[in-house]
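Peer 1: In case you want the letters, here they are:
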Amino acid sequence: MSTKVALVTGAASGIGAAIATRFKQNGWQVASIDKNKSNTDLSIEADVSDFKSVNDAVSRIEKELGPIEAAISNAGHYEMKAINDVSDESLVRMFAVHLGGFRNIALSVLPLMRVRKNGSLICITSELGIGGGEFVSHYSAAKGAQIGLVKTLSLEYAPFNIRVNAVAPGPTDTPLIPLDSPERQPEFLNTLPLKRLVKPEEISQTAWFLANEGTFFSGEIISPNAGAVI
Amino acid sequence: MNLKDKVVIISGARQGMGLAISKRLKKEGALLALNDRVMDKKFEQVCQELGAFATPGDLSDLKEIPTLVKSVVEKYGKIDAVVAQHAYINMGKFEEQSSEEWWKVVNTNLLGTYVLIRESIEHLKKTKGKVVVTSSYWGLTGWPEASAYASSKAGLISLVKSLGRELAPLGINVNAIAPGVINTPQLEVDAQNLNMSLAQVLDMYAKNIPLARVGTSEEIASVVAFLLDPEQNAMVGQIVNANGGEIRSRA
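Chains as they are written, first to last, in the numbering used here: chain A, 46 to 275; chain B, 283 to 533.
Calculated from the structure, these hints are not laboratory results. As the structure is a computational prediction, the values presented were derived from the model and not from experiment. From the three backbone atoms N, C-alpha and C, an ideal C-beta is built for every residue, glycine too. Take these hints with a grain of salt, some might be off.
[To be verified] Here are the computed distance ranges between Cβ atoms for each label pair:
id	chain 1	residue 1	chain 2	residue 2	range
1	B	P512	A	K97	41 to 49 Å
2	A	S58	B	P426	45 to 53 Å
3	A	G177	B	G424	24 to 32 Å
4	A	G176	B	D322	44 to 52 Å
[Unchecked claim] Cut-off 30 Å, straight-line C-alpha distance, at most; resulting in silico cross-link-like pairs (DSBU-like, lysine-lysine):
id	chain 1	residue 1	chain 2	residue 2
5	B	K345	A	K69
6	B	K410	A	K240
7	B	K407	B	K357
8	A	K240	B	K360
9	B	K323	B	K357
10	A	K49	B	K345
11	A	K69	B	K286
12	B	K352	B	K375
13	B	K305	A	K49
[Stated by the list, open to error] Chain A side only, calculated, beta carbon under 10 Å to chain B, not exhaustive:
id	residue
14	I192
15	S263
16	E265
17	S268
18	V274
Using the sequences provided together with the hints, build the complete structure.
Peer 2: Right under this line is the structure:
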């Protein structure tokens, strides 16, 4: 029996690292695409916004580890800024990484999964893509756009037994939220019904469920978000 | 996942999704208190096979529910989770359905669940427990000739959202599942009503589902297991859809 293979982008830290760890602990081989080196079976240092790098990486992963059964598009960055202070450059970068990064992964793995008539593509989006938020116009727009793409791809690829779904975390305890961020202050945490940040392990558990047991999920968004958006 | 010695009340456990949920949670190590409307041979057998405490009773009779919850606490000493899975459905044109039938659906599904949760809260506070309510995708989309059922299921969604907010600070997670079309004994009832074979009914439903098949009870049971996993506490007031892509995350 060959080991199952998962691709996780942004696996060097935070949520991506937690997802990679969980799949590894459960006996999968994990490959990562990240700008930094990750603790995975095959760590490829590349920028997800560059299609060719992603496509080459996916080919290499399939050659070295085997067919990718689950691909988790997670790489991203976060920035709080009023809309008037968001430069065109910052806006374009936000969309290139989040929407473009997810699209590049989808473009690279879906044709392979379609031939095999099997696969799970999971996009890590955000509660801010559902409920919006203050000073995150570019981030929330990019995350919302991911959701639109998830739903459309789910329809296009369901006939090939490929499930495309999303996880929309709430504010999660990762390096994306700096230690001095207002999102770590009691005033903010008290606005969450759960009164605390989401743990990366709660997101990785959700991704694990979607990849393994969520076999009737298609075009869905699961929201482990501490009650941030209900 | 480990639910060893977690005490779980499951309503509507005699067949279909409730039965699959009971089997799955038993496998994960839970101690079961199972409810269904009446104690018959089949339900007795289910309880026996799963080593479960039987708490039969019609949950549309709200006055019975406190006694039911109390009996579970007397038996096991605590409650760790409530899975409100029971439902009653009666299809009919809005103008033609009698008030009695209409309210029976709402009473069973919505008020019965409401009181079951209300009576369990003081016990769930002690265990930092969880509630999983089975709604339905019809509660999100509505459905012709199912006005009572869709209303009751939509009401459950609002109830879960409110209680998610209200009870999370107390350490109780409340969430809902909204299944799409699932292969349960209800489909045989549909087949009879539509004068079709079960295979024809399965085909008919599959046509509207992107994954081109109806779901299985085990797939819904796995969602309950996901929500009850002690590692997962960030799900608060959420409606988890499992419908093969039919409605794509409306909540």
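Peer 1: Now tell me if each hint is right for this structure.
Peer 2: We went through each hint and held it up to the structure:
1. Remark: the range hint 41 to 49 Å for B:P512 to A:K97 is upheld by a beta-carbon distance near 43 Å.
2. Between A:S58 and B:P426 the C-beta distance comes to about 50 Å, which sits within the given range of 45 to 53 Å.
3. Between A:G177 and B:G424, the C-beta spacing of about 26 Å keeps the proposed range 24 to 32 Å intact.
4. For A:G176 paired with B:D322, a C-beta distance near 46 Å keeps the hint of 44 to 52 Å intact.
5. Distance check on the hinted pair: B:K345 and A:K69 sit about 50 Å apart at the alpha-carbon level, beyond 30 Å; violated.
6. Distance check on the hinted pair: B:K410 and A:K240 sit about 14 Å apart at the alpha-carbon level, within 30 Å; holds.
7. Between B:K407 and B:K357 the alpha-carbon distance is near 18 Å, which keeps this suggested pair within the 30 Å criterion.
8. Using a Cα cut-off of 30 Å, the hinted pair A:K240 and B:K360 holds, with the two alpha carbons roughly 25 Å apart.
9. This hinted pair checks out: B:K323 and B:K357 have alpha carbons roughly 22 Å apart, not beyond 30 Å.
10. Proximity of A:K49 to B:K345 is assessed by CA-CA distance (about 52 Å); at most 30 Å being required, the pair is judged violated.
11. For the hint pairing A:K69 with B:K286, the CA-to-CA distance comes to about 25 Å; that is within 30 Å, so the pair holds.
12. Note on B:K352 and B:K375: the hinted pairing is violated, with a Cα-Cα distance of about 39 Å set against a maximum of 30 Å.
13. For the proposed pair B:K305 and A:K49, the alpha carbon gap of about 27 Å is at most 30 Å, so the pair holds.
14. Of the supplied interface hints, the one on A:I192 holds, with its beta-carbon coming within about 8 Å of a beta-carbon of chain B, less than 10 Å.
15. Look at A:S263: its Cβ gets to within about 3 Å of chain B, closer than 10 Å, so that hint holds up.
16. Checking A:E265 against chain B by beta carbon gives a least distance of about 5 Å; that is within 10 Å, so the hint holds.
17. A distance limit of 10 Å between C-beta atoms decides the matter here; for A:S268 the minimum to chain B is near 5 Å, and the interface restraint holds.
18. Taking 10 Å as the C-beta cut-off, the interface hint given for A:V274 holds, the closest approach to chain B being about 9 Å.
Hint violations for this structure: numbers 5, 10 and 12, all remaining hints satisfied.
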